[in-house]
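S.K.: Sequence:
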Amino acid sequence: TEVNITVSQSPTLVDPVERLNHPEGTNATFTCSIGSGDLTGLTFEWFRDERKLSSSNKYKIVVLPDNVNSILRVIDLKPEDSGSYSCVASNRFGQDKISTKLSVKVQLKWLVEPKGDLEIAVGRPLNVSCLATGQPMPIIEWTKLSGDSLVRNLGSELRIDSVSQEDSGLYQCRARNGADKDLVARINLNVLGK
Numbered sequence: 001t002e003v004n005i006t007v008s009q010s011p012t013l014v015d016p017v018e019r020l021n022h023p024e025g026t027n028a029t030f031t032c033s034i035g036s037g038d039l040t041g042l043t044f045e046w047f048r049d050e051r052k053l054s055s056s057n058k059y060k061i062v063v064l065p066d067n068v069n070s071i072l073r074v075i076d077l078k079p080e081d082s083g084s085y086s087c088v089a090s091n092r093f094g095q096d097k098i099s100t101k102l103s104v105k106v107q108l109k110w111l112v113e114p115k116g117d118l119e120i121a122v123g124r125p126l127n128v129s130c131l132a133t134g135q136p137m138p139i140i141e142w143t144k145l146s147g148d149s150l151v152r153n154l155g156s157e158l159r160i161d162s163v164s165q166e167d168s169g170l171y172q173c174r175a176r177n178g179a180d181k182d183l184v185a186r187i188n189l190n191v192l193g194k
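For what it's worth, UniProt numbering labels the leading residue of the sequence shown as 1, then goes sequentially.
Since the hints were made in silico from the structure, they are not lab data. Given the structure is predicted, the values throughout are model-derived calculations rather than measurements. Any given hint might turn out to be false.
As the list claims (entries may be wrong) - When the alpha-carbon atoms are kept at most 25 Å apart in a straight line, the in silico BS3-like pairs for lysine-lysine are as follows:
no.: 1; residue 1: 78; residue 2: 52
no.: 2; residue 1: 101; residue 2: 58
no.: 3; residue 1: 181; residue 2: 109
no.: 4; residue 1: 78; residue 2: 58
no.: 5; residue 1: 181; residue 2: 78
no.: 6; residue 1: 97; residue 2: 58
no.: 7; residue 1: 52; residue 2: 105
no.: 8; residue 1: 144; residue 2: 115
no.: 9; residue 1: 101; residue 2: 52
no.: 10; residue 1: 101; residue 2: 78
no.: 11; residue 1: 60; residue 2: 109
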């Protein structure tokens, strides 16, 4: 006699990439692939931070014709799209779940960019702002590039309580976060009077 034994099993998903880092404004693609299990009646569901996703302008969800792979594409990434994205594959025997953390990196950009020539009278206070944003948050540093006195100032404000002739010269503000190319801005300070 001949006996056919069919072993049916719940789906097992291929281990995902644990973390994705993408710049703001790009698209992120997540893949959910069946490694083993019964494909009969197989379904895929996608979640973001435990909230079920459906296809929209923001999320494109596709199950490939082989019914072994599902793809989630997150369009035009914003910082608020960062989070945990999960795929659940189910059949009548059970289910499996995988998750990937997405971090959306915000490119360094100026909020307040100092530039040009500044004229100020001797004895007056000087306060110049230099602000940038990004992910990770940038460190901002002022440096005097010319003249006699050396100024190094960590922070977004270049402050001189009482300007003197020696303060004349070229100043540079640098914003850096270790992830992007540094942002650099310069001002030329001209001190008037004796």
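S.K.: Please go over all the hints and tell whether each is borne out by the structure.
M.R.: The hints, checked one at a time:
no. : hint        : in the structure
1   : 78 <-> 52   : holds, 19 Å
2   : 101 <-> 58  : holds, 17 Å
3   : 181 <-> 109 : holds, 10 Å
4   : 78 <-> 58   : holds, 11 Å
5   : 181 <-> 78  : holds, 20 Å
6   : 97 <-> 58   : holds, 22 Å
7   : 52 <-> 105  : holds, 24 Å
8   : 144 <-> 115 : holds, 14 Å
9   : 101 <-> 52  : holds, 16 Å
10  : 101 <-> 78  : holds, 15 Å
11  : 60 <-> 109  : violated, 29 Å
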